[in-house]
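Could you put together the complete structure from these sequences and hints?
There are 2 protein chains.
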Amino acid sequence: MILVKLGGSVITDKAKLRTFKRSSCDRLAKELGRANAPLAIVHGAGSFGHIEAKKHNLHKGFTTKSQLHHVAAVQRDVRELNLGVLASLIDNHIRAVAVPPASAAKFRSGVIRQFDPDAFGRMFDLGLTPVSFGDVVPDESMGFSICSGDLMMEAIAKAFHPRLVVFCADVDGVYDADPKRNRKAQLIPELDKSRLAGLERTESANADVTGSIYGKVERMLAIAKHCEKCMIVNGNVPGRLGKAVSGLDVVSTVVVPG
Amino acid sequence: MILVKLGGSVITDKAKLRTFKRSSCDRLAKELGRANAPLAIVHGAGSFGHIEAKKHNLHKGFTTKSQLHHVAAVQRDVRELNLGVLASLIDNHIRAVAVPPASAAKFRSGVIRQFDPDAFGRMFDLGLTPVSFGDVVPDESMGFSICSGDLMMEAIAKAFHPRLVVFCADVDGVYDADPKRNRKAQLIPELDKSRLAGLERTESANADVTGSIYGKVERMLAIAKHCEKCMIVNGNVPGRLGKAVSGLDVVSTVVVPG
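Chains as they are written, first to last, in my numbering: chain L, 1055 to 1312; chain S, 1055 to 1312.
Don't take each hint at face value.
One copy or two, either will do: identical chains are not told apart, so a pair holds if it fits within one copy or between any two.
[Unchecked claim] Listed below are the simulated DMTMM-like cross-link pairs for lysine to aspartate or glutamate, each with C-alpha atoms no more than 25 Å apart in a straight line:
{"hint": "1", "residue 1": "1075", "residue 2": "1134"}
{"hint": "2", "residue 1": "1283", "residue 2": "1246"}
{"hint": "3", "residue 1": "1212", "residue 2": "1194"}
{"hint": "4", "residue 1": "1109", "residue 2": "1179"}
{"hint": "5", "residue 1": "1119", "residue 2": "1226"}
{"hint": "6", "residue 1": "1234", "residue 2": "1272"}
{"hint": "7", "residue 1": "1212", "residue 2": "1067"}
{"hint": "8", "residue 1": "1160", "residue 2": "1170"}
{"hint": "9", "residue 1": "1084", "residue 2": "1170"}
{"hint": "10", "residue 1": "1114", "residue 2": "1134"}
{"hint": "11", "residue 1": "1160", "residue 2": "1145"}
{"hint": "12", "residue 1": "1297", "residue 2": "1194"}
{"hint": "13", "residue 1": "1108", "residue 2": "1179"}
{"hint": "14", "residue 1": "1070", "residue 2": "1134"}
{"hint": "15", "residue 1": "1108", "residue 2": "1303"}
{"hint": "16", "residue 1": "1247", "residue 2": "1232"}
{"hint": "17", "residue 1": "1212", "residue 2": "1272"}
Simulated from the structure, these hints should not be mistaken for laboratory data.
As structure tokens, this is what we get:
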């Protein structure tokens, strides 16, 4: 199995509320058609989730009743994005079906307390492609919390041990310095825990309630234990995702455990 | 708790593929604002589900691989309708969140094998209004099957024993003859099993993969055992749903068990 994350920064304009990049998603859907194994897909919430979630402190859990309207609204919005992604995949011959996080997992304190692989397994068995996403979820201790797409990636990887895990992002991979500020920044082709610890930390300019690239790589290190290969590729460069999922060499950062 | 079914024949044009009647739904959402207890809502699939499901025999379960594209497409379509309903409810101050059937239940042979009330209970506890819907679902013996909105209505009623269950349909209730063919047909204000057995059976003109009004009333008889009052009201007549959920007398058929 190949597990692919379509980053919120690739399929949405993260700075503009609820802006789905349908043509980018269509191109990526076509590239996914080159996969040489069954697919599972997770997408981020991008500007359908993070902006409003941050504004109303949804990542902090229940603090005031006035948040509840926004819990409902953000859940609706991320499902609108999910429908866009499903339509794009289906129109490109991938039999995609939605598996919202809360239909596969129970949450406590912002982490998964219990995961039901069957929610995905039933779809695989039928020959369908499950598509999960970042969402606001009921949380046993916080009332509600944010389940990031990356959290779902880890749960799926742990349960199904995919051959390949691809994080499709808006960067070529991880650099040894911030490439936006340092022209000499070099892409790191292979990254492990000790190399990560030595990297300079920077924060993203746009709203994100689920952590920086640093947090993402830490999650990838955990995922790398459950798969043969775990990599970041740039989804904005045509062809790279297609190369990755068909097993060809491609510009990327491969994250290795240990 | 009050459990309301928004019939597919009320919120969609059942004869025209994927036609959401947003203004009807908005009016009903406003009427639901008069409810004097927490709400749970289920809606039918209407023309977002039945037409394509019937065309590709999805109600018969897996028979050929070519159905799988349509399983994905119909699931996507009913979620599009669900998003429309959620938007309508949220815009009318109901904090509505989606609970797809497969996130609360497991299915075998077209019936529910296991139901997890928590999927709804967690939403109630937060002060949110769960909204479920008719859907194509994974099925342990058939591959996939249709879970009708009415099947979800029964499962929710069984688990939560609502005070009131309202089926919002495109008719005033059940008649002693077909009112479209017999001008002397009389509305039956109260219907039980023996009265139902004596009624003439007619079939609906539009596609429906989940049974006729006769089947619906049989389901309502089962539901009536789990609630104080179970009724059909006409959702096309302004004000009736609002009267029903606020506890006022209204033109309807009340279905009583036994």
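We went through each hint and held it up to the structure:
1. 1075 - 1134: Cα proximity of residue 1075 and residue 1134: in one copy and across copies (13 Å, 18 Å).
2. 1283 - 1246: Classified as within: same-chain Cα gap 13 Å, cross-chain 63 Å, threshold 25 Å.
3. 1212 - 1194: Both: 22 Å inside a copy, 24 Å across copies.
4. 1109 - 1179: Answer is between; shortest inter-copy Cα gap is 23 Å, intra-copy 40 Å.
5. 1119 - 1226: neither (42 Å within a copy, 38 Å between copies)
6. 1234 - 1272: within (21 Å within a copy, 66 Å between copies)
7. 1212 - 1067: neither (30 Å within a copy, 44 Å between copies)
8. 1160 - 1170: Both: 9 Å inside a copy, 12 Å across copies.
9. 1084 - 1170: So residue 1084 and residue 1170 fail the 25 Å test inside a copy (30 Å) and across (37 Å) alike.
10. 1114 - 1134: within (23 Å within a copy, 29 Å between copies)
11. 1160 - 1145: neither (32 Å within a copy, 28 Å between copies)
12. 1297 - 1194: So residue 1297 and residue 1194 fail the 25 Å test inside a copy (41 Å) and across (36 Å) alike.
13. 1108 - 1179: between (37 Å within a copy, 23 Å between copies)
14. 1070 - 1134: both (15 Å within a copy, 22 Å between copies)
15. 1108 - 1303: neither (38 Å within a copy, 45 Å between copies)
16. 1247 - 1232: within (18 Å within a copy, 73 Å between copies)
17. 1212 - 1272: within (15 Å within a copy, 45 Å between copies)
The structure fails to meet hints 5, 7, 9, 11, 12, 15 from the earlier list, while all remaining hints are met.
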